[in-house]
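Residue numbers (the UniProt record's numbering), protein chains in the order written: chain A, 1 to 942; chain B, 1 to 558.
It cannot be assumed that every hint is accurate.
In silico PhoX-like pairs for lysine-lysine, Cα to Cα no more than 20 Å straight-line [as the list claims (entries may be wrong)]:
| hint | chain 1 | residue 1 | chain 2 | residue 2 |
| --- | --- | --- | --- | --- |
| 1 | B | 458 | B | 526 |
| 2 | B | 278 | A | 3 |
| 3 | B | 486 | B | 173 |
| 4 | A | 166 | A | 71 |
| 5 | A | 141 | A | 351 |
| 6 | A | 388 | B | 526 |
| 7 | A | 92 | A | 57 |
| 8 | A | 311 | A | 166 |
| 9 | A | 506 | A | 459 |
| 10 | A | 88 | A | 104 |
| 11 | A | 865 | A | 928 |
| 12 | B | 526 | A | 396 |
| 13 | B | 155 | B | 140 |
| 14 | B | 109 | B | 173 |
| 15 | B | 486 | A | 388 |
| 16 | B | 192 | B | 415 |
| 17 | A | 396 | B | 486 |
| 18 | B | 166 | B | 486 |
| 19 | B | 532 | A | 637 |
| 20 | A | 928 | A | 897 |
| 21 | B | 458 | B | 159 |
| 22 | A | 415 | B | 459 |
| 23 | A | 459 | A | 415 |
| 24 | B | 291 | A | 3 |
Just so you know, the hints here were simulated from the structure itself, not pulled from any lab data.
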Amino acid sequence: MVKHENFKTCEQSGFCKRNRAYADNVATYGNTWASPYTLDPNSVRIRHGYVTGTVLKSLKSGGQAVQLPVKLAFLESGVARVTIDEFKRQQKDIGLRHGSQARKERYNEAAAWALVTDGELDKSFSGEESEEETVVRYGPKQRYRAVIRHDPFSIDFFRDDELHIKINGRGLMNVEHWRAMVVKVEKGKSEKKDPEDGEDESTWWEETFGGNIDSKPRGPESVGMDISFIGYQHVYGIPGHASSLSLKQTRGGPGNYEQPYRLYNSDVFEYEMDSPMTLYGAIPLMQAHRKDSTVGVFWLNAAETWIDIVKQKVSSNPNSLVTGGGTDTETHWFSESGLLDVFVFLGPSPKDVVAQYSELTGYTQLPQQFALGYHQCRWNYVSDEDVKEVDTNFDKNNIPYDVIWLDIEYTDGKKYFTWDPHAFPDPLGMEKQLNDQERKLVVIIDPHIKNVDNYAVVKELKSMSLGVKDKNNKLFEGWCWPGSSHWVDCFNPVTIDWWRSLFTYKSFQGTAPNVFLWNDMNEPSVFNGPETTMPKDNIHHGNWEHRDVHNINGMTFVNATFEALLHRDPAISRRRPFILTRSYYAGSQRLGAMWTGDNLAAWSHLAASIPMILTHNVAGFPFAGADVGGFFGDPSKELLTRWYQAGAFYPFFRAHAHTDTRRREPYLAGDPYKEIITQALRLRYSLLPAWYTTFHSASTTGAPIIQPHYYAHPSDEAGFALDDQFYVGSTGLLAKPVTTAGAESISIYLPPNTLYYDYFTYTIHPGTGSTITIPTPLDKIPLLMRAGHIIPRKDHPRRSSGLMRYDPYTLLITLTPEGTANGDLYIDDGESYDYQEGAFIHRNFTFALNSLSSLDFEDEKQRNKGKKRREYVRQMDRVRVEKIIIVGVPGSWQARKEVRVVEDGEGRGVEMGFERGGAGTANVATVKDPGVRIGRDWRVEF
Amino acid sequence: MGRLEALLIVGFAACFINAAEGPRPRGVGPEFARFYESTDTFSCISSPSIQLPISHVNDDFCDCPDGSDEPGTSACAHLSSLSPYTVGAVPIGDVNTTLALPGYYCKNKGHQPSYVPFTNVNDGVCDYQLCCDGSDEWAKVGGIKCDDRCKEIGKEWRKLDEQRQKSASNAAKRRKELVAQAAILRQEVEVKIHTLETEIQAEEIKLKGLEANLAEAERQQRGKVVKRPGSGGKLSMLAQLARDRIEELREALIEVRSQRDMSKGRIAELEGILTTFKEEYNPNFNDEGVKRAVRGWEDYAARDKPTIGDEAHDRDLDEIAKPDSETGAIKWNEWEEPEESDVDVLYKIEAYLPAPFRDWIDKKLRDLRVLLIENGVLAPSSDVGSSKEVEEARNALKATEDSLKNNRNQLNTHKEDLEKNYGADDVFRALKDQCITKDSGEYTYELCWLGSTKQISKKNNGRTTMGNFVSIDSVTVDDEVPPDGKGLGSGVRVALRYENGQHCWNGPNRSTLVVLACAETDELWKITEEEKCVYRMEVGTPAVCEVAEKAQTLKDEL
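Just chain A, with the same shape it has in the complex:
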């Protein structure tokens, strides 16, 4: 059970309580509430692509209004960005208490970590200002319009003249300005509290939680804003939480949460299901979706953040073109410190929102091929002999895997960069055995460095002062796995250089090039800290308080490790790093994979893993997975088997287990479980060409790797809340993992006017906007194929993905009733960066008019014709297509025994088989060994 007492509720988090109270108070005013924030019309300047001005916050207590400089930037991609700062803090014109060394400004470097670009400003933008409002038209064909009202300050965002998003429409904007602490005499309580002056001041200057005191040297400084999605009933995103894909309301009521969704990266032990409680990572991106329209916001702030969600039924909204009423989703965001920095995406499709967001924060890394294979992990494989034996056992049982993992026990007394000399006397020998089958080793390195004598790493950390400091600017000391520890401060560029030096093969002895990394505990987890993390008044590089950077901290650590791995090999033979992280922020997708942390061997956790992973997929971090089998506890064999069947469809596919659990490697499962698990693993491996192509697409467009229903069918309202079935990229593969015990059948929802085939039996399932039921004995994975796709596959099972490199392809074609299908295939060497110099093959397959063609995905002109490409194409030239399976062919094909293959202008006849489907099953034709080469142009005439 999760220990609730270790983590704050909103009431226990000063600024959360204050901002919620602000909202409650505003609600008591109803329509009479006037937000005290106005945009000074005289300050408004319209430039090329952006607007600046000063928002004035009037104080009830009188006195000079607080000046809040605002900048609205409008990007070519159609994204609008609203940034609000505070003049006095900007000018460092404030005093800090307790002689604090902390920076005086609001934290303004979150963008530097999260974004890869600020985006090109929109040159075609036009703006006009009147006394009441400033109106900006921007985006492609000036499709978008932002109406900035001056008094009170608010912004309405329109697309095609339809209102979609309102900022400060409810007047919940709250920027806690700097003030000196005054010791007040008790004054009478007013009946109706003014949200600004009458508010609860008890947490302005100091907060205590679980015996830890937060000294808050800058006093209250939170930023809050309401963002309403007009006419939208569903919102998604803001991972990570163990919640549904379609987010729930958070202000109480039946089926709703009482607490806001919280984003404050934490090591939550035995986290609970269906909860808005914070978890290990934070991506403050939210999408709102309704029939045929998707919009979104990105709240760029690294401090503790909470989000309240309320859905309001509206009889008819005068601002919306949606007639007859609908539902608005009203959200309220607040962060403890930093800038108020919001990005607004106006869609119109989920694809557009994710693409715009990914363009800003970076696309997901194109991982090495092995990373998409199966990962075998456990806390702990206890010795190098143990690792070798597990490796051998996989081979003896003909079960494929790519990576074996070492948890913390491989180290000498939890000192990272060392090996336990008794248990791991020969790490290089172990790595060689793995490398013989192109397998890899992943070892864990955490950000806490053991504070002990005779340990070079901590000695250097101390002498070079590269650790996080406490509030007195002394090296911070806390407790984690090794006992007393210090934490590396990866905000510091010098730390990154130093960290890089620790990973060289010479420095980290016992590591070969097939060793990769796992960064855990980087929330950071501090066993004796408040909420199991760092005190907020700790100081990082640049004198930023930990409070300001907390949610980004984990990403900076992975960033340092990424740099280190990148530079292990000489520049000419650089390979893509692989890092798994537990903590993450917007932008972490550029650096590796994430998993959902320490789950439990329970059916509920298996079920929850799917919406959790889907949420990460639509929030720009698709390389996500959950521990297969469940971390804590011993799964039943049925649960373990079903978990493998589900895990085969996680973008990141790793089994992991706690040290107190029994061993559960697949070969130990016994009959019939071992065989069934093996089949699930082989299914994953045979579909690796499709997975890799999907990852490539994610790395260039930001598209989710597994796609929820609303993403794939944005018009089908019945499926907007579906979060237990999903597609693999754009392959048309529709999976619905079994997540209940003893399931004899499962229902799958199929949208109207669609057609599906069972992946294994080719049973026909027409989609009618209702559910179909298919039987699910233990060996059945519910997997359908949507008609109209061409899925690349490799049918030869091998010991690891690396050994499949030159195996022939199978093309699996599912025909629409019109007889069409298409798909693509991306291949490269799966490890280097040569693909950036053109060393890849990307084919576009089209089936139409009884002809299948393979053409280059790229246009001839854009194609890189460099040396690396030529070498790669030559190397792959022998790789062929071994069979083409066409599902859903007309019965008339039975008579055809031969098809004509045309490659390099030469035609030849090739044998084709035909199998009549019978009742409810599709006819299938198979072209046997067309012999065409995967990298070339060819066509097959049927």
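Fit chain B to the supplied structure of chain A, relying on the hints for placement.
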């Protein structure tokens, strides 16, 4: 799928190799050659009704549901009983889709032929362990070239094999010695049994004599005149002393009891603290000190605790601690002024009689009394002090009884020992109580034959019992034997079960399965923790040498 390895070394294949050296398709072993003899068609082995043109054999496309058309490629490697859906592409019905062939056949000229799993054919890795001729990579994918290394590998293997043979013959010799030792040990036991039996017989006879002696001595004793038990004054003095003493004990009892109650309270408080500690500590933090404390507490809490003072017991104590009164247990007053019993009156009569008559009466009375006592009419006077003769007779009897009992116990133990299972030829009798150890990681592991298994920490010398010997058993193993011969190999192996070791935190009691294989010397090869606190030791010992051979023969016959 299945255990291809079991079939990898086909020992007898070598004799056929010349006879079957026809134009077999690639990857076909001689024992399957007959299926591939036809020159125009091929019938799938498990489904002969499916006939293919011969050109379909080894065309790298899977046609047969049992994969038999692709003995030399990996095209059918995906087949298993659970993948009935696609052979080439098309779903098929109830056909057997288990692979018909054990794998890709490597001829390995110069060494021993063997089968490589189909998944390994043309995957770009030279699997020399199974296929020293490198023929599994005939397609040279990605430019790989696997040279034929059978000559050197075969040579090396033969060298090692020779060593193994030598070692095996040494081991067999050593086992003979062990068996001889065991026989001697057994003989020693048998001799002991014989000696004990003789001794016991003698003692039984002796015992009878001593019993008679004692009876007579006691008879004499009973007849003796009993001196008047002390005067009434002495008895009341004794009663007074006893009364004081009991009062003292009573007070002491009350004091001890209140101390006990206080301790009980403190224990409850401590247990409360520890219970909360256990519930509230964070197991994820893995602080060894904390974990150890929790573990200790759990062990403590799991043990059967003696109930300290249940209610009934307390009521008894209440009763005992009451001061003796009119209604109390002992009525002291009655003792301080003793009443005379009938017997006493009888004794007193003699005082009034003349001396000769008194002697006559005395003798008669004594006889009568003995008679009455012997017939159970009168109780023997408890206050009769034993005479020296009786005491001596009793001691002699007791000593003989003890010795007899002891000898009988010993006899039983030895007899049981003879019936105990010491393995084939009684061989483990020779090893009993000997121990062997092995360093592994941070521990030294110890195996004591038919004793216990232990894990000894190198850091703090802490000893953890991993099981106590329970039984001799057998298990089937399937391991490869490394070149040094220190491995179990495959087949049925003798195993020793050690159970009920120290309790494991969050787990069962520790247990160890000790699997034995023939070796020249006793040696602990490998220790693994198969599951939490379930250990497996792989041990070489000459003790099982012939047994293993027998098991092997048995298996071959099957």
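Verification of the supplied hints:
1. B:458 - B:526: holds (17 Å)
2. B:278 - A:3: holds (13 Å)
3. B:486 - B:173: Distance ~18 Å between residue 486 of chain B and residue 173 of chain B Cα, so the pair holds.
4. A:166 - A:71: holds (17 Å)
5. A:141 - A:351: It holds: about 19 Å lies between the C-alpha atoms, which stays within 20 Å.
6. A:388 - B:526: With Cα atoms ~13 Å apart, residue 388 of chain A and residue 526 of chain B stay inside 20 Å; holds.
7. A:92 - A:57: holds (19 Å)
8. A:311 - A:166: holds (14 Å)
9. A:506 - A:459: Within the cut-off at roughly 18 Å; holds.
10. A:88 - A:104: Judged against 20 Å, a Cα distance of about 9 Å means the pair holds.
11. A:865 - A:928: Violated, because 33 Å separates the two Cα atoms, which is more than 20 Å.
12. B:526 - A:396: Measuring from Cα to Cα gives roughly 19 Å; hence the hint holds.
13. B:155 - B:140: Roughly 26 Å separates the two Cα atoms, so the pair is violated.
14. B:109 - B:173: Given pair residue 109 of chain B, residue 173 of chain B is violated - Cα atoms ~34 Å apart, limit 20 Å.
15. B:486 - A:388: Distance ~16 Å between residue 486 of chain B and residue 388 of chain A Cα, so the pair holds.
16. B:192 - B:415: Holds, because 10 Å separates the two Cα atoms, which is no more than 20 Å.
17. A:396 - B:486: Holds, at roughly 19 Å.
18. B:166 - B:486: holds (14 Å)
19. B:532 - A:637: holds (17 Å)
20. A:928 - A:897: The given pair, whose Cα atoms are some 11 Å apart, holds under the 20 Å limit.
21. B:458 - B:159: Distance of about 38 Å is beyond 20 Å: violated.
22. A:415 - B:459: Holds, at about 18 Å.
23. A:459 - A:415: Judged against 20 Å, a Cα distance of about 12 Å means the pair holds.
24. B:291 - A:3: Distance of about 18 Å is within 20 Å: holds.
Hints 11, 13, 14, 21 from the earlier list are contradicted by this structure; the remaining hints agree with it.
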